[in-house]
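Chemist: Given the sequences, and given the hints that come with them, work out the whole structure.
2 protein chains.
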Amino acid sequence: MGIPRLQKVRTFAFGVQGEKNLPCNDKYIIVYDFSEAETDEAIKEFSTLLEDVKSVGLHTEVRAGYNQTLLVFVQAPRELLGNTVYRSRVKDWLYGITKQHPGGNRDTVVDGDFEAEDILSMYHLVNWRKELGGAGITPEFGKWKNVKSIFPLHNISANEDLLYHLSKKLLLSAEDLDRIRDLWGAKVAFYFAFLQTYFVFLIIPCVAGIFAWQFLPQYSLSFAFIIGFWCTVFLEYWKIQETDLSIRWKVRGVGGLKVNRPQFQYEKEFVDAAGRVQQFFPRWKQIARQSVVIPFVLLSLLLLGILIVVVFAIEIYISEAYEGPYKFYLEYLPTVLLAILLPYIGNTLEDIASTMTEFENHRTQDNYEMSLTQKIFVLNSITNYLPILLTAFVYVPFGDILVPQLQNNLHKTFGASIGKFDFKSDADRLRNEVIALTVTGQISNLGEELVFPYLKTRFREWWREHQAKNADADNLLEDDPSETKTLKRARKQALLSPYNVQDDISEMVIQFGYLALFSPVWPLIPIGFLINNWIELRSDFLKICIEHQRPTPVRGDGIGPWITSLEALTWLGSVSSAAIVHLFGQHHYAMGIMQTTMGKWCSLPLTIFVSEHIFLAFRAAVRFSLQKIGSRQIRKERNERYAERKKYLDELESSTTKSGHLDVVERERRKSVRMTSEDVFWTRQAEEGVSNEVGIGLIRAAKQKEEQGRGITKVD
Amino acid sequence: MGIPRLQKVRTFAFGVQGEKNLPCNDKYIIVYDFSEAETDEAIKEFSTLLEDVKSVGLHTEVRAGYNQTLLVFVQAPRELLGNTVYRSRVKDWLYGITKQHPGGNRDTVVDGDFEAEDILSMYHLVNWRKELGGAGITPEFGKWKNVKSIFPLHNISANEDLLYHLSKKLLLSAEDLDRIRDLWGAKVAFYFAFLQTYFVFLIIPCVAGIFAWQFLPQYSLSFAFIIGFWCTVFLEYWKIQETDLSIRWKVRGVGGLKVNRPQFQYEKEFVDAAGRVQQFFPRWKQIARQSVVIPFVLLSLLLLGILIVVVFAIEIYISEAYEGPYKFYLEYLPTVLLAILLPYIGNTLEDIASTMTEFENHRTQDNYEMSLTQKIFVLNSITNYLPILLTAFVYVPFGDILVPQLQNNLHKTFGASIGKFDFKSDADRLRNEVIALTVTGQISNLGEELVFPYLKTRFREWWREHQAKNADADNLLEDDPSETKTLKRARKQALLSPYNVQDDISEMVIQFGYLALFSPVWPLIPIGFLINNWIELRSDFLKICIEHQRPTPVRGDGIGPWITSLEALTWLGSVSSAAIVHLFGQHHYAMGIMQTTMGKWCSLPLTIFVSEHIFLAFRAAVRFSLQKIGSRQIRKERNERYAERKKYLDELESSTTKSGHLDVVERERRKSVRMTSEDVFWTRQAEEGVSNEVGIGLIRAAKQKEEQGRGITKVD
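Residue numbers (full-length UniProt numbering), protein chains in the order written: chain A, 1 to 716; chain B, 1 to 716.
By construction, these hints were calculated from the structure, which means they are not laboratory data. Treat the hints with care, as some may be off.
Unchecked claim - Covered stretches of chain B (in silico footprint by chain A; criterion: 3 or more residues with CB under 8 Å from a CB of chain A, positions within the stretch not fixed):
#	region
1	54–65
2	86–100
3	538–544
4	606–618
5	633–647
To be verified - Here are a few chain A residues that face chain B, going by a calculated C-beta distance under 7 Å:
#	residue
6	F34
7	L94
8	G695
9	G697
10	A702
We put the beta carbon where it would ideally sit given N, CA and C, even for glycine.
Modeler: If you want it as structure tokens, here you go:
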């Protein structure tokens, strides 16, 4: 892409090019929506809002937004922000995140090391409870239900620069990830780090896949093993990488210092041993509430499962066995059914999941987020993987039996209008389905993520401008000309949705699952993933820039419980891919029993058993070796600690004079003082060299005696 | 036991009662054996020995020992020992074991907090290489091959007191374990801590076992599950307990500061980034050497396996199918065979294991020890468990087929002298074998550990005194009367063998394995273990006191890799006990296919699969919950760190004055100075209350407009 074209893209994407921007690191925007409130109520709420914000020491500027909203621009004076950042660093030190006190005293004002540090403190000033020193504005909760969102302004020039920089590179370096962290905080940066590592590692399955596709038979066992081993090594490597990055970004263990959600219902407050005010909710109650998730998972598994099975059956029947009228239209029926029902049921289940997660009463926002995303991940897995699993383990093996039965039943029910014919299950269906899902799925994801919302945003803009031309000049939006661009940008950003990094991580994990679970089906899967992920990293970056509000730069020390999901997928993969190879592969070496279907199914548990244990043994071996090698940053940390403490020891080591012998004076002293019997023992040979003589004497005497003894016996 | 009798035991066991003992914390004994050296050679070696010892600053006294040995009593002056202990504490701080520098400077002299701390420093002074400040005396290595051992003196009164104290108590407390640590160091104390925890936890399987024996059917599935869950919970609890104790005893992470073994062959030395001299041996070479263990394990498995199978077959045949002459004598043949061959083969394999471990070139003594004990543990497992596994999975199921075949073969080979008769495999054999092995095995272990060596020691003593009476007065042992008792005690201790804690831990782990692997066979197994372990703890204590030299009080932060062995046994147990229940139990609910032997074996993999996964899921759940609860000591550590750092923060928090509004002066300043456009934005509503008014105005205007709009449409 030549430079001129890229510039055009930048203008197209980012709007105003090259204009001077407000510094973004000390500002926040509160979107107050008064469309659903009565005038007096709105005025009262609004006044309270400004009061709360001002009471923290923040400055405000109010402008109008679109659609009966007010944009409250909040700014922190230099001293307030600098002091808040400083206190945050002290808190880090208190909780052991950093090793050294940052110096200074309670009134110190510091500059943020990077923009996100300042913005995070701004967020705290706006969002934290009054007891913690914030203004207490939590959007859409409690008395602020009319506050639609709070967000920082995008740093457009920095965004542009970084995107441009990333687009030119093939691989990201640690410094590039640092720059992402500087903009959007550690939590978002970890997603990009994970995506980058995953992308680099994907080269191996690509190479292996090309090799397998070319030279190995279909459904190859060796390829399944390679992918299984690759998944394990990748995960273990990522864990070390995560630790390294968390130490580099000084966020290791940061989960321990997060404040409580305002939605957290506690039973009592108490002051703990270290003087901190803790809010207490009984652990057993929390566990009891969390165990509600188990029936929920089973229920949704059932519901989604039944839906997918039914649609699946309809689809099979219509596409392969049906010969009656309207076949052409009916072929689309299942897809339509799924397209209608699945999102509806999916959303209902997600709402139930939200309510349940709320019920679980998590203390911190991190925990809440994680619990919710894990539930949604389970739902997504079912939706994504169940069709393929059905194809692999129900349709292809048993289709020959089931579909004619289905045909018979329908024939009896619906009469002669449904024809009959011989049915042979299509063994290639599995491969075609996997290819379709992974390839087209990736492309449609990309479109859905990027293209569709972009068009939507642009359309809305166009509609708004169209409306504005036709209607009377909206005096609410009479802006001072010098502010127009700034306000336009802020208003646009106010309409965007907040960014949720968990959705993107979820997408990557689902993709990883395809590779882990179904790798033997089509070895070229990884190539599509590789290409997609290179684009994905940059397109996600672009997406955050233009389709979402700037994310609150919260900190995290990794991608969290997704590691467990990845491990679970790898484990399931060892079972699933072994089963696929077993059922579908050509086993030239297995004779007799394996050739019959019955034999195949009988020996399947054994194959799964063996494959799973090979995987577990390999995983234990990888963990053992990598644990010894360990994390480079951790070793560096330990060495630093040693080195800085060593200077104390140096003066010890330089002392070389050790007393070789009892000083003459000391010896005499010991002998002359009246001593107890123990001490007498220790003075008999106190003189130098006496021990030596005594010992030599004893040796000689003993040897002589021995020779005498031998001599006597010899004579005998 | 009344007090007078216990006193008698004390006298009997410990010999001299109530005599004043030499303080033991600053003395070490080197046993120099010159029986295999020529006189001149011996004299030269001995002189070098004394020279090396004296060069460190230690004092010596030489006395004769039994059987052409010299006992070199080594003592450290107060200043030397105190300074060495101090430097050891500084080293702990350097390596991050303790959090605070111990204060003082390079010449500081401290008292050991407990006796073992002093003795450990004595050991370092005698044993460490010259570069590290020691005398370099490593028994039976290099130039000191004639030094048979080095050991500290037993603190007999402390031993007596503690044993008496332990015998009166049912359960040990943390303070009791502290006292053991004070005597013998952390590594040995961890064994007692593990034994104690294991003992306490055994109450649960005992209760469950009585219940199962009384009310549940034989080979009960529920009981197998209970034991499986118990094993998991016990292990996870012990891990937390280990961490707690390691923090309490300030040995956490102590593995990182151990010095290199003198036997460690390194390729080069270099100075690392922190200024420490490191000895380097390529990692890949080390891993390559260690991988030799795999064929070794397979080979020994084969060898021992064949031996056990052959003997087993002979035993079955003779005891149940043989009807020919000499049956009475031949019945003992297998036992005799095993008793002869097994120790021989076992010792050969152990020697091979020793050589291999030496070849593996471990850097520290801990690593070497661990590698060796794990190999020997594998050998012991095979020897202990294989017979039972054979009975359970070969003999009982297939005996009906195999033994008559065996009978036929032997009949053809040996002619008509061997009779034939119908054979029915004895299903109770499994239970009888397990009972025999666990009950009698425990009792014989006890006897072997305690009674036999004690009798041996006493016999040798009697023999020596008998010889002394008959022979000429041995002028070598002409002792000064005031020293007689001390020397006699020291000479006796010099003849004892060193204590290896790994043997005792191994015994407990093997016992645990019986419970984990074969619990459904006889539910009352745990009761025997419970009783045995209470006695074992105290008898092992006694054993160390009277049958072994005082152990070098090395430090460790747990029982080491035995945790992995225990986890492996628990895992195997989930498979093995499920298989036993499946094959032997009465399955009233399973009809048809399960009743046939073929059916049983076909469905066995499925049962194992299910059982194993239930176990793994449960283990993951336990780890997850306990991880949240975590180690109490770790939490205490974190709270302490927080509290001690909090005083810095207190002065921050006490600052309550925050600026509520822009100072008037500040406001005017901001407006008057020439500003850029950004700043102008922020001054429009700088006056107090202006933002409020502007916002209210906007709200009213918007609401009015809305009503106008609605009003117009209504009219329409």
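Chemist: All the hints need checking, so say for each whether the structure fits it.
Modeler: Evaluated hints:
Note: the region 54–65 of chain B has 9 residues with beta-carbon separation from chain A under 8 Å; the three-residue rule is met and the coverage holds. Under a criterion of three residues with beta carbons nearer than 8 Å to beta carbons of chain A, the stated coverage of the region 86–100 of chain B is upheld, 7 such residues being counted. With 0 residues having a beta carbon nearer than 8 Å to a beta carbon of chain A, the region 538–544 of chain B misses the requirement of three or more and the stated coverage is violated. With a cut-off of 8 Å between beta carbons, the region 606–618 of chain B has 3 residues touching chain A; three or more are needed, and the interface restraint holds.
Counting residues of the region 633–647 of chain B whose beta carbon lies closer than 8 Å to any beta carbon of chain A gives 8, which meets the minimum of three for the stated coverage. The beta carbon of A/F34 comes within 5 Å of a beta carbon in chain B, closer than 7 Å, and the hint placing it at the interface holds. Because the smallest distance between the Cβ of A/L94 and any Cβ of chain B comes to about 5 Å, under 7 Å, the interface hint for this residue holds. Given hint, A/G695 at the interface with chain B, holds; its Cβ is 4 Å from that chain's nearest Cβ, closer than 7 Å.
With 7 Å as the threshold, the beta carbon of A/G697 stays out of range of chain B, its nearest partner Cβ sitting at about 9 Å, so the hint is violated. For A/A702, the interface hint holds, since its Cβ comes within 7 Å of a Cβ in chain B; the closest pair sits about 5 Å apart.
Hint check: violations occur at hints 3, 9; the rest are consistent with the structure.
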